[in-house]
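Hints in hand, dock the two standalone chains.
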Amino acid sequence: MPPAAKSKLGYTPPDGGWGWVVVFGAFISIGFSYAFPKSLTIYFKEIQEYFSVSYSEIAWLSSVMLASMYAGGPVSSVLVNRYGSRPVVMVGGILVSTGMILASFGKTIMHLYLCVGLIGGFGLAFNLQPSLTIIGTYFQIKRPLANGLAMTGSPVVLFTLAPLNQWLFDNFGWRGSFLILGGIVLHCCIAGALMRPVNKHAQPKPKAEPAGCNGEAAEKVASSEANAQSDKLLSKENEDDSQSQGCLETFIDLSLFKHRGFLIYLVGNVVLFFGFFAPVVFLAPYAKHQGIDEYSAAFLLSIFALTDMFIRPITGILGNTKWVRPRIQYFFSFAVFYNGVCHLVCPLLPGYSGKVVYAVFFGLAFGMLSALLFEVLMDLVGAHRFSSAVGLVTIIECGPVLLGPPLSGALVDIYGDYKYMYYACGVFMLVPGIYFFIMHYYNYKKLDEELKQDVAAELRTCEEAVQLKMIRDGKTKHETDG
Amino acid sequence: MSASWKQLSLQILLLLVSCRHINTKTPGPTAPPLIPIDQLPTDVRSVALNGESHTEKVELLNPVNLTLECTWTGNQDKLANITGLWRKDGEEVKNSNQTVPMENDQYNLKRVFSIVNEEDLGSYTCEFGSKAKIDFVLAAPQIGDVRDKPIVSYLGDFVVITCKMEETKPEPSTWYWYKANGTDKEQIIAAEEPLRYEIKNEERNTKLVVSSLVEADAGLYFCGAVYAISTSMSQVELKVISFYEPLKPFVAIVIAVIVLVAIILLYEKSQSKKNSTAAENGTTDQTNTLTQGETNGHGESSSMRQRKV
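Top line first, the protein sequences correspond to chains L and H.
Note that the first sequence covers residues 1 to 482 in full-length UniProt numbering.
Note that the second sequence covers residues 1 to 309 in full-length UniProt numbering.
Calculated cross-link-like contacts (lysine-lysine; reagent style DSS-like; alpha-carbon spacing at most 30 Å):
1) LYS107(L) - LYS239(H)
2) LYS248(H) - LYS45(L)
3) LYS149(H) - LYS45(L)
4) LYS107(L) - LYS179(H)
5) LYS274(H) - LYS200(L)
6) LYS107(L) - LYS207(H)
7) LYS45(L) - LYS164(H)
8) LYS107(L) - LYS200(H)
9) LYS179(H) - LYS45(L)
10) LYS248(H) - LYS107(L)
11) LYS38(L) - LYS248(H)
12) LYS169(H) - LYS45(L)
13) LYS207(H) - LYS288(L)
14) LYS164(H) - LYS107(L)
15) LYS45(L) - LYS207(H)
To be clear, the hints were calculated from the coordinates, so they are not data collected in a lab.
Here chain H stands alone, though its shape is the one from the complex (with noise of 0.2 Å):
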């Protein structure tokens, strides 16, 4: 408990001291408005675990105080007591190693962590023993359509690159956009010069418009979902090239086609022309395959009815 009222002082703390310089080109949401812990909502995660270990996903939209209860029934060895742990990201809860009684078959851990901000999200760890654990992994929704492979657009043309939180996710009060440089992250601002940028946020998705594409536009771009406890990235790549890119391949191409439809003209013309003056080795030739459609044939003469439909 004192860990985290230490957490609360801090945040104040750093609330007041970003307060005075609010810069734009810091990333993240601006602070979640502050309640006092004990006004926090509250909810309640459970699992009960018969094996060995169990990794529960915990979807968080706002600051809440989070009771996590992990139950194990799994022992063998029906100890009366067990050593009980918390972990977070790894790290031991101070304070919370604790001796666990069986009852009722089973052991219990239970307690209540204050989720307020994008540092406590994460991953909880209730350990019993060295025998089993389970994990609670604390995040805001995440943006499930990620595109994997690079945007490729070209140079002054324009891009629109899009994200979108899927329909069984809860939606974001907002979105921003980022730019990579470096391994900064710098927030894109519309309005701001140059004016190349245009961001159309809906509800679920949102659209990053950039205009008038140069050589350096290109690189990685990151779309947050903004929630009240934290704000879920994305990124995605854009690639810009030159049009003279794909115009090397179809040069290629239409050369290779005009090059063979050539050889097969200039090779039936040669053709015809033996043709013409061997023309007796010609009919001769017909009349064997004219034999050979006989004897296939169905016997009535291909010519000689007169058929009116």
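Bound conformation, chain L alone (with noise of 0.2 Å):
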């Protein structure tokens, strides 16, 4: 029994036909978004070089970018709740591709950091939410298989990207090859276009099924009631959006703040994302921090990032199965728990072997989660305030996606060894899923406290339509008789 967030919708969702393109356009709209600003890291060498920086500050570089990626997310949020999804990924790739562009006649660093990382990460960021939020209108039963194969194109793209920004950059050079990637990410103008707002006014009325109530009449009644109520519940939202309590209430759902699972999902993100990205960060620098040679090392991020591009649409599909879909977000604790458990088990295992086993198993974990980490929150707040909850999500996740690998970082010079951390970063994943586990226990069971109560006041209304009818048809056939 999924929750029943989504009882808002009014409509039925197509979860196929021209939804499966939309896939594809998100597709590549997440995959750039997650995969531009880490192809980015080849031009760095050279750039460090051409402007005299030290290494930290051309680190700065992918930190704005992510920062502004994350902070551009409740813009994008208002944006797609007034305009739709499909102008703001075209404006984003447009944006992006400005950034690129001007970038490449670039002459300081500040010039940079504005381009690429402010401007570039803010039309990234309006690619990722407007591509998500998509799915969610097009997408129900068939939704967590949707994600998982929108958010298989993260590792995809990154895979296609590296090696083709190293051909760039030895043909070209940084500038031109900034230039380039301007028309390269022009794509994610295509994966807009492709994107066409779903038609909400071509269905038919939901059929109604009143649980408990039996009788052609009272069926009829309660259908019809149900279609008024599915009217009215439209334009009382309509209603709610346009009453609202100041101007931001009409761009953004501050409400949400209030939604239970909303707040879980919030708390639990923002401790697991301290110690999600660093492991990948520094997978390679721990290999040859051990010993192992240059190419092996990289090879391993090969291997992470094959494994996470193959389990992301297996985890979509396990997501769907009519076992795992009611109670989605045990699955997703297991994945943040599996995790922890992986970081913690890493630096016990010894050698090269080792590293390739955590590698698998990594990339297992991080497809998983991944995969997942957006189709949860669509469960929990529904595809119609989902748009908002992303935004707000991103903006609060972005102090720990930026001071996570720094402070990894610091352990790691702190300690001088890379084990340290590799635990740091389990217990900040272990943490978050056992939480996880217990309070979508708890928010599960209330559900399904409040779903017997709403049950229980349907069955109460329809009985009494019920006998609302059968007093009208004892009085007209009252007067006929009489």
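Put into structure tokens, the structure is as follows:
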């Protein structure tokens, strides 16, 4: 039984058809959002020499890009709520493209921070949010699968961009490469063009099956009531939207902060993001530290990326099965917990083969978590409020995402060894995993209680309607008789 | 020994000659300070071999009297005597052919070489008959971090070429930069015309900044790490291209994207026109998807309950 948050949709999502094309568009969009900042690191060494800056200054470029990508979340949500996904994604693609083109003429490192970091990051934010949102509008039943497939974009695009960037760099230097990348990133506009807004009005009235009510008459009344109710719901929501408590409410749904599921998700995520990215960033340096040569260390990352790539759609399929879907939050909790266990075990695995085993298991864990990350949020708050939810979540996650790798780096510097950092990351993921298990157990119980209350309420209205009809029929009969 | 004396006197002569014409265009550092052979520091390198061959790398910074010792224990025939021989760069060192007796189940060869300048560096081999040999490769610290792919830069822009000596190797006393001119190397002097070059030297690395690039600037550049014994070279290739080179693929991609987006949007427009004229077909399709959805669904009506969360 899926939680009923999606009851507010008011229409039935197609769950297929053009939806799969939209998934493909989202695949590209999400892929660029996540993989683009990571793939730019190939140019860092040359840019560092060109502008005569230190390593940390050039690493700031990645940070600025990531920060503006996460900070742009709420802006993106507001725009999506207003205009829909398609224009926002296309504008996002143009923004990143402009940023890269301007950067290719850059004369100072500050220029690069602004163009690549700020403008580029914002553009990527305009790609990420709408892609996730539109999947929620097109899919309901097959949504975990759609999400899993769309999130696979990240490793696949990274896999393609990395050698492409290397080739561009060898042939055109960093300036020419930035220019051409500005062109390549315009493919996000193509992805945006594919994101046709879903047809909400051509749906027939949903057939209602009121629980416990028997009899044709009762059904008819109930169904007409249901139609009236759903129409009322839609109009009520529109009223709610316009009668907001101030300007901000029309743009972004701050009442989410009173949503139990949303709060659980938010708190858990803030903690787990501290330990999320650092293990990936430090995998190759850790291997090199243990004496493994550079190529084998890079190969570890390829193994990680490959397992990541394959597990994401599989996770989507698993999430869709009838055993997992109703309790998908537990699946997510398991994924977080499993990540934590992987990191704790990593330093205990000796040698290169130990690292390979870790890379495989970590790839599985990372992919599982990524595929479910936004699906569970959709599951908790419903597709209608998802856009605002994801905007709020990303801006709050900004902090741990930015602080995580430098803090881990500091741990490495203090102890001179990577294993304490991995232990710390393991704890940072284990604790939220357990927290999620407990909180979602409680949440599911509460949701089931609320469901029972609602069903009871429906039963009452149903019976009242039947009684009303019987009285009316009795009256008319009486009148015709009399 | 006499060979090295001859070399030394030749060196002195050359030094006196070169002192007369200080030619800034000649590659190589100024000649090393002259120390008489017997006041050179000494060093010993020994290798014991059990098999057939071995190569030993010897890193040298300063002129030195180097003693090379070879010990071979691998002879199964257990001959009482074996011919020992020294070679430098493949050529037999004069008067080095000797008979080596077996002592304590091994053969020993030892010789002192005066390594004074770049020509003395190279490969020294001790041979035991034709059965075993040990190579000593004498060289100044080599620049490890060599960039094999060319650096690409643009006309009118500037480029920074760097050379670095690893932390594990000793620091050079200074760095020089050269540009390839045909088969020769021309040293780059920053203060000379044209004033487009800038050399920044730090102990372990060096940067050559070439500004206002022109096409003639393309080619091979060499950085030299100067040690008392010799200069280690490393080369980097510079390519200079105009901004039109990346512009061509960029424009091609942009045009492709615009065309694709136009096709997608036009297709959608034509589809929606078809849908609006055939509205009935549309609704029946929707009902079909709906029934499909319901059979897959979980039994609850999706729009009935009003959840207040």
